[in-house]
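Asks: Chains A and B, in that order, give the protein sequences.
Read in order, the letters of the first sequence are residues 1 to 430 in my numbering.
Read in order, the letters of the second sequence are residues 1001 to 1430 in my numbering.
It is possible that part of the hints are untrue.
[As the list claims (entries may be wrong)] Covered stretches of chain B, going by a simulated chain A footprint (3 or more residues, C-beta under 8 angstroms):
1. 1356–1366
2. 1383–1392
[Said to hold, decoys possible] Quick partial rundown of chain A residues pointing at chain B, CB under 7 angstroms, derived from the structure:
3. TYR75
4. GLU172
5. GLU189
6. GLU421
Since the hints were made in silico from the structure, they are not lab data.
None of the values given here were measured: they were computed from a predicted structure.
The C-beta atom is built at its ideal place from N, Cα and C for all residues, glycine as well.
2 protein chains.
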Amino acid sequence: MAGKLTETDLKPVAGGGLLDRRLLLKGGMVLASAQAAGSLSAAETKNAAPLDPADPPWLHHTGGPFTTYGLPSRYEKYVIRNIGGNRTPSGDGVSWTPLEDLAGIVTPSGLHFERHHDGVPDIDPTLHRLVIHGLVGKPLEFTVEDLLRYPMQSRFLFIECGGNSNAGWHSEPIQRPVGAFHGLVSCSEWTGVPLSILLDEAGVDATASWVIAEGADAGLLNVSLPLSKLAADAMLGLYQNGERLRPENGYPLRLIVPGWEGITNVKWLRRLHVTDQPAMTRNETAKYTELLPSGKARMFTFVMDAKSLITSPSPGQKMYGPNIYEIRGLAWSGRGRIAKVEVSADGGKTWAEAHLQEPVMAHCFTRFRAPWAWDGKPSILKSRATDETGYVQPERDVLVKERGREGYFHYNAIVSWAVDEDGEITHVYA
Amino acid sequence: MAGKLTETDLKPVAGGGLLDRRLLLKGGMVLASAQAAGSLSAAETKNAAPLDPADPPWLHHTGGPFTTYGLPSRYEKYVIRNIGGNRTPSGDGVSWTPLEDLAGIVTPSGLHFERHHDGVPDIDPTLHRLVIHGLVGKPLEFTVEDLLRYPMQSRFLFIECGGNSNAGWHSEPIQRPVGAFHGLVSCSEWTGVPLSILLDEAGVDATASWVIAEGADAGLLNVSLPLSKLAADAMLGLYQNGERLRPENGYPLRLIVPGWEGITNVKWLRRLHVTDQPAMTRNETAKYTELLPSGKARMFTFVMDAKSLITSPSPGQKMYGPNIYEIRGLAWSGRGRIAKVEVSADGGKTWAEAHLQEPVMAHCFTRFRAPWAWDGKPSILKSRATDETGYVQPERDVLVKERGREGYFHYNAIVSWAVDEDGEITHVYA
């Protein structure tokens, strides 16, 4: 077992009391609950069987029955998706993943964020068809049963809405829990058929360069995607976190485009039209484009750039006095693996490298942690992600200077939390 | 994109038509759905908007609402845990994970297997306490809130009941779907506090060698565990697949003992009694021990040895004629990483190495796949796992010779599926 902490262990490696990340592996961070761990009360030593009437009820009678499909404890009923966004027309809006309540890198499917334009279709899988046509040698039509017979792959991948975190463009910092600000991103183990196999089977023409993907929702939502990306690493998602994917995530079939904005991961996929130019649909012209200060607009900005945020401590939570804390957060990049996450407790003057939980995978959430000795004084916490391409998550002022504030989409600036002397935490631009 | 299959690609690497696993990475396994992919019907080409009254209803009206916590499609309502085992006394039994319906390595929490002795306690986390006492310098008592402040780690780990697959000891091969035979094993991303940190804080005496772990169910289920293992890599599990763990999996707190039999992963953990000898409780003497041919019994057989099984094709499923199939299955080992999985289509005469899906992690499910050209003739499929220690999953006759057939626990022999000329699949001893 690891020993107790030494003076050296407690020597900060950056301003504001940030400690060496290796401390987390050493163990012995007993200060983390100094006031939590007391000596055993008489009541507790007595707690050894035989039981006492004072013991909690569940020790006194046999518990509940077996269930065919389990659900969270009733004591966790407040850990839910926060439904918001534009509510008209009906079916057009979002629900947010409560990132502040979660741990690890897997988002439970029941809490995966939602972004629908026309509600959630209730699709009978035996009636659903996927069609691949256009510039192909042999147009193809597949039932779901057909697709389940193809070779499959599994990948842990995040999906993030292109509009996630867009409150960051506001002139004043929004005060919300992390999930209701940045929670249009979730991460699952997706299993499905590599799209390249089906494109091979259809025989794509040499003149083809784009694919128009269409969903089976009432609005027939469609987007144009470069053939090269789809052939490189896209897949037809059939399973999410081990089971068939959920209706709100595209049941029975969803396009999975690793690292690219959520809308390209077309749900309820019914058609792949191979062509030689984009369709210039509503969702790639009127929306999901970004007006720049120059007056020009960025279009087809598919890749989600590297991003990170601290989920604990975070707004809505409260510090419990000067102590050693474990700063926890998430980082991800649409360009590949996260190479490094740094945290700052002095508003970005100095930084300490955070510990990354293995496995660190491309286009997947990476959980980071860093030990912090908070002295009870006002502090500003930040996290900064660097991905394997060398891309570094920008400070907000840099992002705003480059993009202006009309862009609305693809906000990935460094997030700052202010901790005051009362342990209250707020979102600040700093 | 990958090209079409060549003669070389289709040259078997083992008897019964097993093909080279690299074929799965090459793509172009179009034969897998030769009869599935036809040319586009008039109805399908017509399917481009505008819609036709003949199109399915979900294309004609806005779909369902956003939900705060999602559930599987109603069309998947038969994918459930299969409740079985001894039903008296109430609360004593099992429910099985439907392994044949799942993909990837994550088991959805709602389908994680259950093994309870006294039902599922409905625990109020604010009233729950964990006590560490006995041969320690300072007995400790923790609330759940206290524990949530400690440094955490996340690990993808399987948990397998020591009695899983025990129908394999029967004299005749049981005919059931894979899940109802081998489904007392599941795999989750567990997040919690390394136990070594709390043992350090309590200050374990030099004379201590065992820990008696006790749960907060009505039976106060307890087991004795070597201190060395708990200090090495055990953790207090607080989260499962991202969210707080489910009531049937130990909410609010479970002991996680990587690679060791399920009962050691004590649910609803309330007490860790540090001592210098095992308690010799009912669950380590009358049960969870194995009578050997010699008349002696194996006790404290904690580690789950390497095991694998083919989930598709498997009993209850049906072949769809001579074709190229992807054989899919799961492998795991309580001793570390899976190093290799081999599959046989000729009853074990010859073997081909299967492709292992990354990431391959210690004490975690590993998904394997192998391409198979089935010629329509009777075949016997097997899989054989080898772990990083060099341990090889044994044939059934070898296991039975060593352990006899009264052992009941720790059955991990090679599993054999017979495929007949009609494509029916049965469990056989071969």
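Asks: All the hints need checking, so say for each whether the structure fits it.
Replies: Taking the hints in turn, this is what the structure says about them:
no., hint, in the structure
1, 1356–1366, "holds (count 3)"
2, 1383–1392, "violated (count 0)"
3, TYR75, "holds, 6 angstroms"
4, GLU172, "violated, 27 angstroms"
5, GLU189, "holds, 5 angstroms"
6, GLU421, "violated, 20 angstroms"
The structure fails hints 2, 4, 6 (numbered hints given earlier, in ascending order).
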